[in-house]
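Student: What follows is the residue order along each chain.
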Amino acid sequence: AQSVSQHNHHVILSEAASLELGCNYSYGGTVNLFWYVQYPGQHLQLLLKYFSGDPLVKGIKGFEAEFIKSKFSFNLRKPSVQWSDTAEYFCAGGSGNTGKLIFGQGTTLQVKP
Amino acid sequence: NAGVTQTPKFRVLKTGQSMTLLCAQDMNHEYMYWYRQDPGMGLRLIHYSVGEGTTAKGEVPDGYNVSRLKKQNFLLGLESAAPSQTSVYFCASSPIRGQGIRPQHFGDGTRLSIL
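Sequences listed follow chains W and D, in order.
Residue numbers for the first sequence follow this note's numbering, beginning at 8 and rising by one.
Residue numbers for the second sequence follow this note's numbering, beginning at 540 and rising by one.
With the rest of the complex left out, here is chain D (with noise of 0.2 Å):
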């Protein structure tokens, strides 16, 4: 049971450059999540969904799109990547809300870095 995979792992971009980040989970949770990790910020959502075909807008979505066509992935573009993109991205999946918000199940991360 792999959980939430992220790939890649690391990454060096130039200005301009664009990529796509995967998030592919094996839990069949419905919700999914991305988020990025910059010191002294803690952790801030930029998109997440709900269900495969939805997505939704977080604290910090300008420079970022995602897509979920396949409810176990999650990708996450940067269509024209900036340094203050520099971050290490964090993937994360829940199961639907029954009684309560259930725990988040978090990938490795990815760490990229925008020259």
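Same shape as in the complex, but just chain W (with noise of 0.2 Å):
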């Protein structure tokens, strides 16, 4: 069965600290994968996202994420965050022709000032 798993249900960092949130997905075939943000009380918003070509992919905010296809991965990463980071975040992948997505868990981030 397809699936997305997120490794870190809650993370705690200081602010100016490095960030990577871990992603992984199990199906085959053509793969789009996606990082939403939920900021507290609000909708997802799309920070990145991967279709095909390079596999290291800038988003806003200066996030970017890395597809290993290798390990199944999409990890998302910042190497300094803020306080305004603090949120919950999705990683998603679908394929198909329907526009389905699977989502993951999520991680709640928490970045002290």
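Worth flagging that the hints you see were computed from the coordinates, not collected in a lab.
Take the hints with a grain of salt, since some may be wrong.
To be verified - Chain D regions said to be covered by chain W (calculated; three or more residues, Cβ under 8 Å):
#1 553-563
#2 575-584
#3 640-654
The beta-carbon is built from N, C-alpha and C at its ideal position, and this holds for glycine as well.
Fit the two chains together into the complex; they arrive one by one in their own frames, and the hints show the way.
Tutor: Below, the structure is given as structure tokens:
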């Protein structure tokens, strides 16, 4: 069965620390991968997406993710987090022709000022 | 440009009551989706639609029904609400698949409590 899993459920960092959130997917074929962010009380917003080509994808607000096919991974990174990055982060993946996405469980990031 | 609009934003129901959640998008997207978000479980797909007049079951469809009579609207119905349906419901839409799956655009959510 297709699945997307996120390793870290709750991460606490101090400002300026580096961030890496893990995401693994378990289905074959052509995969499209996404990271979404949900700020407190808001809807999900797209951070970045991978379709094909360069496996290092840059998104908004200084985030980037690397697609490693051999590891079935799509980890999210940011070199220096800010208090405003406090949010819940979701990895999602999809394939096929219905546009359906499978979401990971989410990672809550808390950045201490 | 409103994007994806969900109504209502909050609702409290008693067990056994029925209600309909409305999702409207103004981006002319073909695909629409209903999710529920529960702590520690991410987003789970309830039902989805790949075009006007078509609907399909997602991961957790039991207890819900949907209709897509107009391209811009996607309705989610609870016929007989149960406490297990207490959740935050998100609607999303995406354009037709071109080169890969297109990103989904989300509404602000509906917080539903069933007593």
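Student: Now, for every hint given, state plainly whether the structure supports it.
Tutor: Going down the list of hints, with the structure as the test:
1. For the region 553-563 of chain D, the proposed coverage by chain W is not satisfied: 0 residues have a C-beta within less than 8 Å of a C-beta in that chain, short of the threshold of three.
2. Coverage of a stretch by a chain is defined here by at least three residues with a beta carbon nearer than 8 Å to that chain's beta carbons; for the region 575-584 of chain D and chain W the count is 6, and the condition holds.
3. Under a criterion of three residues with beta carbons nearer than 8 Å to beta carbons of chain W, the stated coverage of the region 640-654 of chain D is upheld, 8 such residues being counted.
Hint 1 alone, counting from the list given before, is not met by this structure.
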